[in-house]
Amino acid sequence: MASVHDEVRQFVIDNFLFGQADGGFSDDISFIESGIIDSTGVLELIGFLEERYQFQLAPTELVPENLDSVNNLARLIARKRKASEQAQQKEEYGVCR
Amino acid sequence: MLGRMSEMLSHRGPDARGTFADDHAGLAHTRLSIIDLQGGGQPMGNEDGSLQIVFNGEIFNYLELREDLIKRGHHFATRSDTEVILHSFEEFGEDCVQRMNGQWAFAIWDRMKRSLFLSRDRMGVRPLFYAFAGRTFLFGSEIKALLVHPGVKRTLDLRALDEIFTFWHCLPPNTAFEGVRELPPGHSATLAKGRLTIRKYWELQFPESSEDGQGASEEERSAELLELLRDATRIRLRADVPVGAYLSGGLDSTVVTALARQFVPHRLRTFSIRFDDAEFDEGAYQQAAIRHLQTDHQEIYCDGATIGRVFPDVIWHAEKPILRTAPAPLFLLSKLVHESGFKVVLTGEGSDEVLGGYDIFKEYKIRHFWAAHQDSRLRPLLLRRLYPYLKNIGAQPEAYLNAFFHPDAAEQEDPFSSHQPRWRLTSGLKLFYSADVKAELNGRQPADDLGLRLPPAFLKWNGFHRAQYLEASYLLPGYILSSQGDRVAMAHAVEGRFPFLDCRVVEFAAALPPRLKMKVLQEKYLLKRCARGLVPDAVIRRHKQPYRAPDARSFFPGGRPLDYIDALLSADRIRQDGVFEPAAVQRLVEKARRGNLAGLRDNMAMVGIVSTQLLLHRFGRDFHVEEQHNGERS
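Read top to bottom, the protein sequences are chains A and B.
FYI, the numbering used here numbers position 68 of the first sequence as 68, with every residue one higher than the one before it.
FYI, the numbering used here numbers position 370 of the second sequence as 1370, with every residue one higher than the one before it.
Any given hint could be a false lead.
What the hints assert, rightly or not - Here are some of the chain B residues that sit facing chain A, going by a computed Cβ distance under 7 Å: (1) A1435; (2) V1437; (3) K1519.
As the list claims (entries may be wrong) - In the DMTMM-like style, the derived pairs of lysine to aspartate or glutamate whose C-alpha atoms are separated by at most 25 Å in a straight line are: (4) B/K1200 - B/E1507; (5) A/K80 - A/E44; (6) A/K80 - A/D6; (7) B/K1528 - B/D1281; (8) A/K80 - A/E91; (9) B/K1430 - A/E44; (10) B/K1430 - A/E91; (11) B/K1113 - B/E1064; (12) B/K1365 - A/E91; (13) B/K1430 - A/D28; (14) B/K1438 - A/E33; (15) B/K1430 - A/D27; (16) B/K1438 - A/D14; (17) B/K1113 - A/E91.
What the hints contain is simulated information worked out from the structure, not anything from laboratory work.
The beta carbon of each residue, even a glycine, is placed where N, CA and C say it ideally should be.
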């Protein structure tokens, strides 16, 4: 099974580099500074995250610290998943009681 | 050969044809008769026939020049501006162009000296291309006329492609075809003894920054600009056929129409484009202008399907790859003008360049504000104000807009800082190049070549003026006046005339301090001031909307590619043609099929690849003289 890092990287390569990742790019390279994603491309990235990982992003979360590299995205996804699991557990606990 | 060459240009001049030939040279001309319909035939000779001229364009001050030449003893056989050029050349030699106010591409064959003099107008309104086929020198208004000669290769110039995929235009003298050159705007050339000597006779110049802010008052300058524009419009109405106007609903064309109306005794005929898609349509402003100016108006409706249908013909006329579909609606508009019996239209083109209307100038100012005020909370507000017409901009996270407008210290020092974001964005298209093309280009940086062409004073100019220079000297002739101007208008035998590009207006505007062109972020400030009372207030107050048209989705109606798109972008065809990487193009096609080409870069990539592929085929293996009869006009 592909890791989150691999999935995100593949999406960026397919969607923004059209498969042309000449020599690849490191997990911490800035998408914006390297020109991989332009300022409208980030909307596609958000759409991918919300559809693939089934979470919503608040406006305050739409910052480069969350979105501007493979590593940042992987951290964001992990954090959102954890938050989602915790919320689910709380809900289940509430139901039992 | 002359007959075949002129056949390729018959769309530009359907009214008459003429040729001249002696033992050393041949000239051919296809005429669009506008001034002196009976007497202005070409090629035209002087009294003893020692000089022969072919000329495309207009010398708008020809009446004043003619009067002066008569005083100097010259005798005229016709009322045409063509003959005025001949006598001016007799009187003043190659410097005659300095006295001309107009839009021209002409060649004068001196039979005694056996030399050919070629010249092109200051701003590059009229095109002029040339090539050597062995020892034979060929020239013409369009490249396709040269390509019928077997000695001229029909090979895509990869360096020119790379320039377009950076700047949107080639760097003159490069064209999209290897070995074919363009005479740059503001240049003349002399061919003698087999050698071509090119010289610059004019260049756009700005004052050095220290001179800014000096001189006449704002009010005086506003009055002077209005007077110049009025006269520029007046002399552009000189014609022996009716003159109409394009009326887009924007400030510039409305000002021109309003000024023209002052000199025309009848209701002016105006023409415009409407779009079905509200994102692009300017119908409400057009209606306001029509009501205010009481014009007889005609319009065409344009949608993506129509753009997709005519796009191959647009590329046949543009003769180069393009990155937006915006020329296509203008191609259709000139057809309407032609079918309405008009040959000449005034337009507002050039105003944004010379009087400071483009967003790229605002971006420059914002980026500099950004750099000086790193933590200002005004920054997001500025950006929203910059692009209210873009659907996606409101949805873009502020942090990302910040990143786009992030001038660092090095960029502040870059003489191209105004244009680097656009060039970076456009250069993203190069990832579609095939491995062979990448190897051939070998990491070449087109901006380095541009740097070598700049005037020495460029670095001394204010950054705003540097941005203006790049727009007016390169993008204007290389795209706006060519792909989106002359080529799509003359495709249907329509001549555009541009009061804002009158040399007096251009030089006056260049000398203005930037604050009078863009006050804070209010574009074309001085023009708006002098337009008060002349055009509807709503047109002055409106936010500027750049002319745009539906892009890549025009090729994929309902998510399905048009037949010719399917064929041109197939993996096999892309591989055979060798310019682009088949797998990357297939991914782009898949994205288009899903309706996901959202960003500027994706759209430019699709239009750029489609137009390059069209160019390769229409001018490559599918090239033949009869081709032009298959166009929209037939």
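Checked hints:
no.	hint	in the structure
1	A1435	violated (9 Å)
2	V1437	violated (12 Å)
3	K1519	violated (27 Å)
4	B/K1200 - B/E1507	holds (17 Å)
5	A/K80 - A/E44	holds (18 Å)
6	A/K80 - A/D6	holds (18 Å)
7	B/K1528 - B/D1281	holds (22 Å)
8	A/K80 - A/E91	holds (16 Å)
9	B/K1430 - A/E44	holds (21 Å)
10	B/K1430 - A/E91	violated (51 Å)
11	B/K1113 - B/E1064	violated (29 Å)
12	B/K1365 - A/E91	violated (52 Å)
13	B/K1430 - A/D28	holds (23 Å)
14	B/K1438 - A/E33	holds (22 Å)
15	B/K1430 - A/D27	holds (22 Å)
16	B/K1438 - A/D14	holds (20 Å)
17	B/K1113 - A/E91	violated (96 Å)
The structure does not agree with the numbered hints 1, 2, 3, 10, 11, 12 and 17 stated previously, though it agrees with the rest.
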